[in-house]
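Undergrad: Letter by letter, the chains look like this.
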Amino acid sequence: MIGLEDATVRFGSRTIIEALSFVVPVGRTLAILGPNGRGKTTTLKAMLGFQPLDAGRKVAPDIVGYVPQTGSSNQRYRALDVAVMGRAAHLGIFGQPGPEDFRIAHSALERAGAARFADHYFDRLSGGERQLVLLARAIATGSQVLVLDEPAAALDLHNQERLLTLLNTLRQPRDKAIVFTTHDPNHALSSADDALLMMPDGQPPLFGPVAEAITPRHLENLYGVPMRVVELAGPSGETHRAVLPAFAGIRAA
Amino acid sequence: MVSLTRFATRGLLAAALSGLLAHGAAAEEIIFKDQENREVKLAKAAERIVSIVIPMASTVIALDGGTKKLVGMNPTAKSAVLEGILSKIFPETKDIPSDVTAPNFVPNIEALTATNPDLVIQWGGRGNDIVAPITNAGLNAMLILYGTEQLTRDYMTMTSRAIGKPERIKELVEWRDRVQKDIEAKAKAIPQDKKPSTLYIARALSEIATTGTKGSYNAWYMELVGGRNASAELNGTVTINKEQIAQWDPEIIFLNAFEAKLDVNWVYNDPILSLTKAARNKRVYKMPLGGYRWDPPNQESPLAWMWTANLTQPDIFKYDLRAEMKTAYKTLYNYDITDADIDSILWMKEQSGSANYAQFKAK
Amino acid sequence: MAALTQDEAAPMVRRAHLARQTLVFAGLLALFAVAFVVSLCVGRFSVPATRALELIWLGATDPWRELTTIEERIVLLVRAPRVVLAALAGAGLALSGAALQGVFRNPLVSPDILGISQGAAFGGALGIMLGIWGFPLISMVFISGMAAVILVGLISRINGRSETITVILSGLVVSSMFSAVVSLLQFVADPNTSLPAIVYWLMGSFATATWERTLIAAPGLIIGGVLLWMLRFRLNILSLDEAEAQSLGARTSRERWLVFGLIAVIVGSQVAVSGIIGWIGIVIPHACRLLVGHDHRALLPASVVLGAGFMVIIDTLARTATAAEIPLGVITALVGAPIFALLLRNHYRERNGS
Chain A
1 MIGLEDATVR FGSRTIIEAL SFVVPVGRTL AILGPNGRGK TTTLKAMLGF QPLDAGRKVA
61 PDIVGYVPQT GSSNQRYRAL DVAVMGRAAH LGIFGQPGPE DFRIAHSALE RAGAARFADH
121 YFDRLSGGER QLVLLARAIA TGSQVLVLDE PAAALDLHNQ ERLLTLLNTL RQPRDKAIVF
181 TTHDPNHALS SADDALLMMP DGQPPLFGPV AEAITPRHLE NLYGVPMRVV ELAGPSGETH
241 RAVLPAFAGI RAA
Chain B
1001 MVSLTRFATR GLLAAALSGL LAHGAAAEEI IFKDQENREV KLAKAAERIV SIVIPMASTV
1061 IALDGGTKKL VGMNPTAKSA VLEGILSKIF PETKDIPSDV TAPNFVPNIE ALTATNPDLV
1121 IQWGGRGNDI VAPITNAGLN AMLILYGTEQ LTRDYMTMTS RAIGKPERIK ELVEWRDRVQ
1181 KDIEAKAKAI PQDKKPSTLY IARALSEIAT TGTKGSYNAW YMELVGGRNA SAELNGTVTI
1241 NKEQIAQWDP EIIFLNAFEA KLDVNWVYND PILSLTKAAR NKRVYKMPLG GYRWDPPNQE
1301 SPLAWMWTAN LTQPDIFKYD LRAEMKTAYK TLYNYDITDA DIDSILWMKE QSGSANYAQF
1361 KAK
Chain C
2001 MAALTQDEAA PMVRRAHLAR QTLVFAGLLA LFAVAFVVSL CVGRFSVPAT RALELIWLGA
2061 TDPWRELTTI EERIVLLVRA PRVVLAALAG AGLALSGAAL QGVFRNPLVS PDILGISQGA
2121 AFGGALGIML GIWGFPLISM VFISGMAAVI LVGLISRING RSETITVILS GLVVSSMFSA
2181 VVSLLQFVAD PNTSLPAIVY WLMGSFATAT WERTLIAAPG LIIGGVLLWM LRFRLNILSL
2241 DEAEAQSLGA RTSRERWLVF GLIAVIVGSQ VAVSGIIGWI GIVIPHACRL LVGHDHRALL
2301 PASVVLGAGF MVIIDTLART ATAAEIPLGV ITALVGAPIF ALLLRNHYRE RNGS
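Residue numbers (the numbering used here), protein chains in the order written: chain A, 1 to 253; chain B, 1001 to 1363; chain C, 2001 to 2354.
Don't read these hints as lab results, they were simulated from the structure.
Hints may contain errors.
Stated by the list, open to error - Which chain B residues face chain C? A few, computed with CB under 7 Å, are given here:
no., residue
1, Gln1244
2, Ala1246
3, Leu1262
Claimed, not checked - Chain C is nowhere near these chain B residues, computed Cβ spacing over 12 Å in every case:
no., residue
4, Val1040
5, Ala1043
6, Lys1044
7, Pro1103
8, Trp1123
9, Arg1126
10, Arg1178
11, Pro1196
12, Arg1203
13, Arg1228
14, Ser1231
15, Ile1240
16, Asn1265
17, Asp1270
18, Ala1358
19, Gln1359
What the hints assert, rightly or not - Where chain C lies over chain A, by a calculated footprint (3+ residues, C-beta under 8 Å):
no., segment
20, 38-50
21, 57-70
22, 79-91
From the three backbone atoms N, C-alpha and C, an ideal C-beta is built for every residue, glycine too.
For reference, chain A alone in the conformation it holds in the complex:
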């Protein structure tokens, strides 16, 4: 599992997060929502251990499957070689990946839907493809925790759909704790169990199951934009909910 316990982070006189506590157990997925500047990134970094805490502590395993927004290695590695980097923790400092590690890396690529460009050079792939490879790398670590930083931020609608489908596939076996940050509440509705809403200054962040946390009132509070929840009928009669921001030019009755 992964989470924070009474975590506080201050930058000078500004308090970014204060006494924040939440936990994502194995088998559940958390979406962190909120506009920029509210501490989404800080919370993520704190969970991963990149952000020192002024109070409280993080709850996390030693190895976390971290999927950054863009890979820092903009270089000529094959996608398979990028994925196999995930095996580093299992190899020790002087270790070299063997056939078993490559097999694991390859199957991680398959799970991430990136197997078909395993031998292509990473820097020749599109942004969306690269992200899948980075996801494969995170999966290859074998960690029970996956943390994705704004995975949908740079994707068009088509690729957002593919990503969210992929996330749901990954969630299905209920063998991982997954955390991702996003701007779009619909992503949370689509692919998360719980949501953490980074409320404006003065209000504590809101943590809870998606059904309870993602309501028009909470969202309007969060974003400062009027929201409407729409109910859609599914093919087998089930109900799906979606959220529509009512922008200035399209306010309906």
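Following the hints, put chains B and C in place on chain A, whose structure we already have.
TA: Showing chains B and C alone in chain A's frame:
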């Protein structure tokens, strides 16, 4: 009648007096052109001379007959003083400052001006960077050029004038001329195939360096005495390696006198160099260190030529070196050199085993 | 964003990649082998190639044989240790450069950036001035090289972490400091003994290579090199940014210092016997990247082989082309620059073409 002669005498006297005075004033000032054609003007004979040029320190002492006029020298000259006989002949040389310049001839202006020199002897032909600091400090610089015997005689003559002893150089130049002509005459008949190839090692311990023939004083006298410069093809002083020496396979090797720790065993103990003709025939010699090192041009050069000649063409040259040295040291330094001194200068202990060296032993 | 690429026949791409890598490595190894053997056969002293090869064979099979002729001694006592040393030094420097560029994620760093070469040079200059030679001198060189690295670490420590840029800046400070002190030493050194030694040796040359010196430098070069080689996969991780590397399990600070320490051992050993040699550490890794890509598992081996081969070729030219020894720096620039320019052009042509 009486008044006329009195006038005449008085007039004559006045004329003679003023003539005398005028002659005296002209005699005070010394003006000449140095070897870079710069005018050097001295109000009177130089009294405080700094020599950045290494060998000239001992030359000034020899020309002046003492150390009074030398107030600064090159650190490399200082080491020769301390290692050699000059500090025995003139103990005060040990105290003459040598911080006036870096070894690479870049002057240290603070130290230089502190010695209050009226003449600074510096190299010409090596760029203005080593000259400008001297002239900018308002000091008098005399620039000399290295390379040939003629240049050497000329700048020694210049120096002799500058210190107000123009007569002194005459006997030194005469001696040089005499010896050079004698050697040339005897060497003229030597056929090319009887000239052994000789190699002068300018540096040995850090890296190995030698010189080509062009512009090299060492090469000049090695060939003067009937040798052939093995490294003639090179351009200036350059680094070489042992394989190249093996390829040249010189018949005689001369080692420099600059490196105190260098002796003939450097050649005899080396796996490659010990297989050269020179090593196998034991014709390896370290240049002597007398009042100055015998390698570069200096006041003792004729001794160096005679020594080199006796070793290069032993059948043709049979100078009595010890006798020559006794005479030379008396003339140059007014010093009665002892047999022990000579042994020390010629490195008798270290290389008496080398071929043809026994001829230099004391009788 | 762009759509996903078309499906390509993955096995074909993999085979092509493997084939290309194999070809490149075979080429580099062949280059090194040829350079090594040819270097033993050429020199200012003429030894027929067949005789030279025969001598090498005899030397390898019977190393304790007494060497009597000049030919034997030239090939086995002058050329052989020099070529071996050049190969080891070239490999070590290229390896160090590649590792350093990986750790710093910066293609413009080399061992002199951290001040290692300058620190080592200071130890050597001081030793020479004090009249120390042989193994004690090598030790001084290595210790002061390590001291430079440690100084850099102390200066750049902020909040208990060392940021990359801070380390580079500290390295610049330390390297200039040591350079300045070496210049000072030159000024006070005895002009007939220490000074030429210091000056010459600062310039970088294998001319003084003997078996003794080679065997003194070899342990550091080999041990440091082997350990760095074993870090080749880890370097892939360390060349990611801090966050990613740590999330994959790397203790970045500690491991970076391990890399620096190994580089100090390698470069210290090299400087101790052959002075400061630049260029190889920066350019060979780049050339190798153009040939085999960025993956350090291929990059480090390629750097070792190309570094060794290149250094051997350069040094052989330096000692053979003319009667005088040409300074290494001159030749590396003359030979290396056009080759590197060619590589760059090819690289950009195929980049823009695809």
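Undergrad: Each of the hints needs a verdict: does it hold here or not?
TA: Outcome of the hint check:
1. Gln1244: holds, 4 Å
2. Ala1246: holds, 5 Å
3. Leu1262: For Leu1262 (chain B), the interface hint is violated, since the closest Cβ of chain C sits about 9 Å away, which is over 7 Å.
4. Val1040: holds, 27 Å
5. Ala1043: holds, 34 Å
6. Lys1044: Nearest chain C Cβ is 34 Å from Lys1044 (chain B), so the label holds.
7. Pro1103: Since the minimum Cβ distance to chain C is about 3 Å, Pro1103 (chain B) lies within 12 Å and the statement is violated.
8. Trp1123: holds, 15 Å
9. Arg1126: holds, 16 Å
10. Arg1178: Arg1178 (chain B) is indeed farther than 12 Å from all Cβ atoms of chain C, at 32 Å.
11. Pro1196: holds, 19 Å
12. Arg1203: violated, 6 Å
13. Arg1228: holds, 15 Å
14. Ser1231: Violated, since 7 Å does not exceed 12 Å.
15. Ile1240: violated, 6 Å
16. Asn1265: Non-interface label stands for Asn1265 (chain B): nearest chain C Cβ at 16 Å, farther than 12 Å.
17. Asp1270: Not fine: 10 Å to the nearest Cβ puts Asp1270 (chain B) too close to chain C.
18. Ala1358: With a cut-off of 12 Å, Ala1358 (chain B) remains clear of chain C, as the shortest Cβ separation is near 29 Å.
19. Gln1359: At roughly 29 Å from the nearest Cβ of chain C, Gln1359 (chain B) sits farther out than 12 Å, so the non-interface label holds.
20. 38-50: holds (count 4)
21. 57-70: holds (count 6)
22. 79-91: Since 6 is at least three, the answer is holds.
The earlier numbered hints that this structure contradicts are 3, 7, 12, 14, 15, 17.
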